[in-house]
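Below, each chain spelled out in residue letters.
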Amino acid sequence: MSTPEPGLLVALVGNPNTGKSTLFNALTGLRQRVGNYPGVTVARKSGTCDLGDGQKVELVDLPGLYSLAAASPDEQVVIDALSGNIAGDRRPDAVVLVVDSTNLLRNLFLASQVAELGRPVVIVLNQADVAKEQGLRIDTELLSRRLGGVPVVMSSAWKGEGILDVRRAIASAVAQQTPMKRVAWPTNIAAALTEVANVAATDTGKVVTEADAQRLLFDTNPSTADRLGWTVAQREKTLRSARDRVRNSGYNPMAAEPLVHYAHLRIVLEGVVTEGAGKAGRSAAVDRLLLHRVLGPVLFLGIMLGFFGSVFWLAKFPMEWIQFGVDALKGVVAPQLDAYPMLQSLLADGIIGGVGAFLVFLPQILILFLFIGILEDSGYMARAAFIMDRLFSWCGLNGKSFVPLLSGFACAIPSLLSTRTIEDPKARLATAFVVPFMSCSARFPVYALMCAAFIGPLYGPGWQSVVMIGMHCVGLFFAVPTAFVLTRLVLKVKPQPFVLELPRYQMPKPRDVIWRMWQNAAEFVSKAGTVIFAITIIVWALSYFPRDPSVAERIKVANPSATEEVLKAKVQATYVEQSYMGRFGKAVQPIFDPLGFDWKITVGVLASFPAREVIVSTLGVTYSVGEGAEADSQHLRKAMQDAKWSEGPRAGTPIFSLAAVLALMVFFALCSQCGPTIATLAQETGGWKWAAGSFVYMTALAWLAGTAVYQVVIRLS
Amino acid sequence: MTPLSQLLPGQFGKLASLNPERGVDQRLMALGLLPGMVLKLIRRAPLGDPLAIEFGGQVVSLRLAEAENLIVDVSADCPIQRPRQP
Chain E
370 MSTPEPGLLV
380 ALVGNPNTGK
390 STLFNALTGL
400 RQRVGNYPGV
410 TVARKSGTCD
420 LGDGQKVELV
430 DLPGLYSLAA
440 ASPDEQVVID
450 ALSGNIAGDR
460 RPDAVVLVVD
470 STNLLRNLFL
480 ASQVAELGRP
490 VVIVLNQADV
500 AKEQGLRIDT
510 ELLSRRLGGV
520 PVVMSSAWKG
530 EGILDVRRAI
540 ASAVAQQTPM
550 KRVAWPTNIA
560 AALTEVANVA
570 ATDTGKVVTE
580 ADAQRLLFDT
590 NPSTADRLGW
600 TVAQREKTLR
610 SARDRVRNSG
620 YNPMAAEPLV
630 HYAHLRIVLE
640 GVVTEGAGKA
650 GRSAAVDRLL
660 LHRVLGPVLF
670 LGIMLGFFGS
680 VFWLAKFPME
690 WIQFGVDALK
700 GVVAPQLDAY
710 PMLQSLLADG
720 IIGGVGAFLV
730 FLPQILILFL
740 FIGILEDSGY
750 MARAAFIMDR
760 LFSWCGLNGK
770 SFVPLLSGFA
780 CAIPSLLSTR
790 TIEDPKARLA
800 TAFVVPFMSC
810 SARFPVYALM
820 CAAFIGPLYG
830 PGWQSVVMIG
840 MHCVGLFFAV
850 PTAFVLTRLV
860 LKVKPQPFVL
870 ELPRYQMPKP
880 RDVIWRMWQN
890 AAEFVSKAGT
900 VIFAITIIVW
910 ALSYFPRDPS
920 VAERIKVANP
930 SATEEVLKAK
940 VQATYVEQSY
950 MGRFGKAVQP
960 IFDPLGFDWK
970 ITVGVLASFP
980 AREVIVSTLG
990 VTYSVGEGAE
1000 ADSQHLRKAM
1010 QDAKWSEGPR
1020 AGTPIFSLAA
1030 VLALMVFFAL
1040 CSQCGPTIAT
1050 LAQETGGWKW
1060 AAGSFVYMTA
1070 LAWLAGTAVY
1080 QVVIRLS
Chain A
-4 MTPLSQLLPG
6 QFGKLASLNP
16 ERGVDQRLMA
26 LGLLPGMVLK
36 LIRRAPLGDP
46 LAIEFGGQVV
56 SLRLAEAENL
66 IVDVSADCPI
76 QRPRQP
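Protein chains in written order, with our numbering: chain E, 370 to 1086; chain A, -4 to 81.
Here chain E stands alone, though its shape is the one from the complex (with noise of 0.2 Å):
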């Protein structure tokens, strides 16, 4: 993403957990901007920050990382960030290197690599109170003399503190280039990073910095190659030598950059970090709770459960009020188009019904992404996958993709956009391919309507309990070996190790966890709203048209002594029913006999393609009760068990036979019914290859359970 104006250009990199985008927001004031690095799903934060003197300058904030070894997506674009090969984007005009001061050893690894880049750097020693309390005395000065004069600050981006000093620095970074001090590599190993150098070089006809051949000598990922244009052909034999070399002055040549940046550190550190009197943190103790062997899986239910019931439950009362709202604008509206039925039709049920559909689910969003902003900032979320990481292993997944589908039995919007928590590329793709299946709640007035008008008072309370309990598990019962097929077959991606640091816990800081949730709110709206929008309307027009208005007529002629109410349900049945839309469910209802769907019950499964819960309202028009059907209606039931098939080889049976009823159920707890998902699931996996593939998945496995439970049922009673 290309930024117009010109001027200064800063990166702020660091270890995750250091604080860095506390930091961030500290720096820039929360005058942010949010895109995307072309071609990948890695947001690019960026805002002005005002260096106190009132030069301004654009502060990128790039991923969290250990290591500049391109290992995931995250990685390889801090890499091409700073060395300026993102397509649109400059190189950064310094680097803002965020350190956390408990840990200065490793957090300078990153801080060395960083400097064999050759780009001015600030050195922030960031969370200085929590050092300060464990009675860590740091030398700044010291520091910055051994590191070759680059500025270092001590800062508590959560107090507030030494920001100011943070912001001078940076602009003396910018004044005055200084770059920082670069490790001292062995003779062998320069000698085999500059023969690489050279003959990429001349290879590729392009230029090949240092910092490029230390990527190709150490690394075992092609990245950098493959960017270079430097092929496998070309690079072998170079690559085999240069590593001979490196291994034959002793060093393993996987292991060479982190042994000779440590051992590079271990004495740029000394003397630096004085430890005196202070108290150890409290951590350890908390750990000892939260993850005991007994009460830590028991506390985790309980966060859980406490968590994702409160989405539920939170979320309900401004889901409920947005629809009031909707449906009063529908009200408000509506009257005013009585002389243009078409007009009125497409704004009040196309598109205030469209919009409001989706922003519906913008309350389930906000909630959740407000907890899963505690559970990450506190250090808990990383407990939380080192808790479950057992159950997800042995089918591909990790112990980070629990919340992503525990959160999907809400909504799997909110929950897709949790995935962005997830590392490993792979796994992070899996677990959002499966969460789709989890039993959202807009499958529940489904459950509900077909429990409450057949099953419950065929069987009984109980049976009905036990079928929406079912019900539930269904999604989750397929979600598994799709999960465990799709890691262990189609996936090529090399899996990622789960190697994952257990932070220090922290009181999360209430600006910077409702300013992500925000912005993650503002991009679902931005990106999956159009595309929602377009499908609503899409299946608007496919209801409403084509509209001949001698049908009202025809009908009133017909049905003389019918009420007002009667007519207008019979009227609009009859609409639906020779509508593009009702003329394609009939044509299409032999794909669905097998399930022993009617055209009717086809039509609702077709209009509910968009957003599965419209089913209830369109069997409402198709069985002429109206519109306003819920879950709960006693009419709408009543339609139902007396509707009966008219022809062929069932005729005179009932059409929601227990079979056809499972079916239904079935069908709707395993099918791709959300335009909102589909538009997400494309989003976050980066195109509409993976969206397009679970639509097509999911819809087929439902066809075929549904089919499987209809015949299976049918033939047993």
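Just so you know, the hints here were simulated from the structure itself, not pulled from any lab data.
Model, not experiment: these values are computed from the prediction.
Careful, some of the hints might be misleading.
As the list claims (entries may be wrong) - Taking lysine to any residue and the SDA-like style, the derived pairs with C-alpha atoms no more than 25 Å apart in a straight line are:
(1) E:Lys795 <-> A:Gly52
(2) A:Lys35 <-> E:Gly647
(3) A:Lys35 <-> E:Ala624
(4) E:Lys648 <-> A:Gly18
(5) A:Lys9 <-> E:Glu689
(6) E:Lys699 <-> E:Glu689
(7) E:Lys648 <-> A:Gly5
(8) E:Lys939 <-> E:Pro963
Claimed, not checked - Not the full set, but computed from the structure, chain E residues with beta-carbon under 7 Å of chain A:
(9) Tyr435
(10) Ser592
(11) Ala594
(12) Gly665
(13) Ile756
(14) Glu870
Just so it is clear, CB atoms sit at the ideal spot from N, CA and C, and this is done for glycine as well.
We have chain E; now place chain A onto it with these hints.
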């Protein structure tokens, strides 16, 4: 010499060898887990896997299967600059 996966909770060991060709070990090396480093197995997850280990002032989780190839020396008198609790 013992695989890290066989350490008891609370037990210290000195990393004797790792396999730099493996992705996991590369990650651990980036975090500073290099041969000669003293580490401590803090605990196993409630289901037995993964493990939480501590080294260089940080706590890191890794899977049992990944810990099997990390060889530690438990007999070495661990001159542990006792890792500070983060």
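Notebook entry, point to check: Out of the numbered hints, which ones does the structure contradict?
Noted result: Per hint list: 1, 4, 5, 8, 10 and 11 violated.
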